[in-house]
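Visitor: Sequence:
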Amino acid sequence: MKHDISTIDDIDLLVRSFYQRARPDESIGHFFANLDWDHHIPRIVSFWRMVLLGDREFQGDPMTAHIQLARERPMAKAHFERWLMHWEATVNDLFAGPKADEAKQRARTIAAVMAHKVSASSS
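So the sequence shown is numbered by this note's numbering: it starts at 14 and just counts up by one.
Everything labelled a hint here was simulated from the structure, so no lab data went into it. The beta carbon of each residue, even a glycine, is placed where N, CA and C say it ideally should be. Do not take every clue at face value.
Unchecked claim - Below 27 Å or equal to it, Euclidean Cα-Cα: the simulated DSSO-like pairs (lysine-lysine) are:
hint, residue 1, residue 2
1, 90, 117
2, 90, 112
3, 117, 130
4, 130, 90
5, 90, 15
6, 130, 15
Unchecked claim - Cβ pair distances, simulated, as ranges:
hint, residue 1, residue 2, range
7, 122, 17, 26 to 36 Å
8, 22, 129, 29 to 39 Å
9, 114, 55, 38 to 48 Å
10, 43, 72, 39 to 49 Å
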């Protein structure tokens, strides 16, 4: 039986499993090709710990980072939709419960806002 997201280890598993699914994707994998994974994974885990567990450790500006990345490699709404598809599938594969539902809902909001902001910044 699946359990809900409740610990840092759960979020670490979610993030690592998501990237295992997303990195080989032909549509979005190239966005992850040159990342320093030893730096990126803990940073993304910290972000989702803030979002889902209320931890205050995360420092950063994901919006600016994605806008800068989009200047180098254009991003379209379809890329964010694909990211969301992998995120939701990963959550569904691993977890069930209110926090898992929140992880999907928060990701939907993040994807919509980022898609809008990134496309607005490139026009």
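Visitor: State for each hint whether it applies.
Guide: The hints, checked one at a time:
Distance hint between residue 90 and residue 117 is fulfilled; the C-alpha atoms sit about 17 Å from each other, no more than 27 Å. Under the criterion of a C-alpha separation no larger than 27 Å, the hint pairing residue 90 with residue 112 is consistent with the structure, at around 26 Å. Restraint check for residue 117 and residue 130: the C-alpha separation of about 20 Å stays at or below 27 Å, so the hint holds. Distance restraint check for residue 130 and residue 90: the Cα-Cα separation of roughly 10 Å lies within the 27 Å cut-off, and the hinted pair is therefore satisfied.
With a C-alpha separation of about 31 Å, the suggested pair residue 90 and residue 15 falls outside the 27 Å cut-off, and the hint is violated. Between residue 130 and residue 15 the CA atoms are separated by roughly 35 Å; this puts the pair beyond 27 Å, and the hint is violated. For the hinted restraint 26 to 36 Å between residue 122 and residue 17, the CB-CB distance of approximately 20 Å leaves it violated. Taking 29 to 39 Å as the suggested C-beta distance range, the pair residue 22 and residue 129 conforms, at roughly 33 Å.
With their beta carbons about 25 Å apart, residue 114 and residue 55 fall outside the hinted range of 38 to 48 Å. Range check, residue 43 to residue 72: about 27 Å between beta-carbon atoms, so the 39 to 49 Å window is missed.
When each numbered hint is compared with the structure, violations occur for hints 5, 6, 7, 9 and 10.
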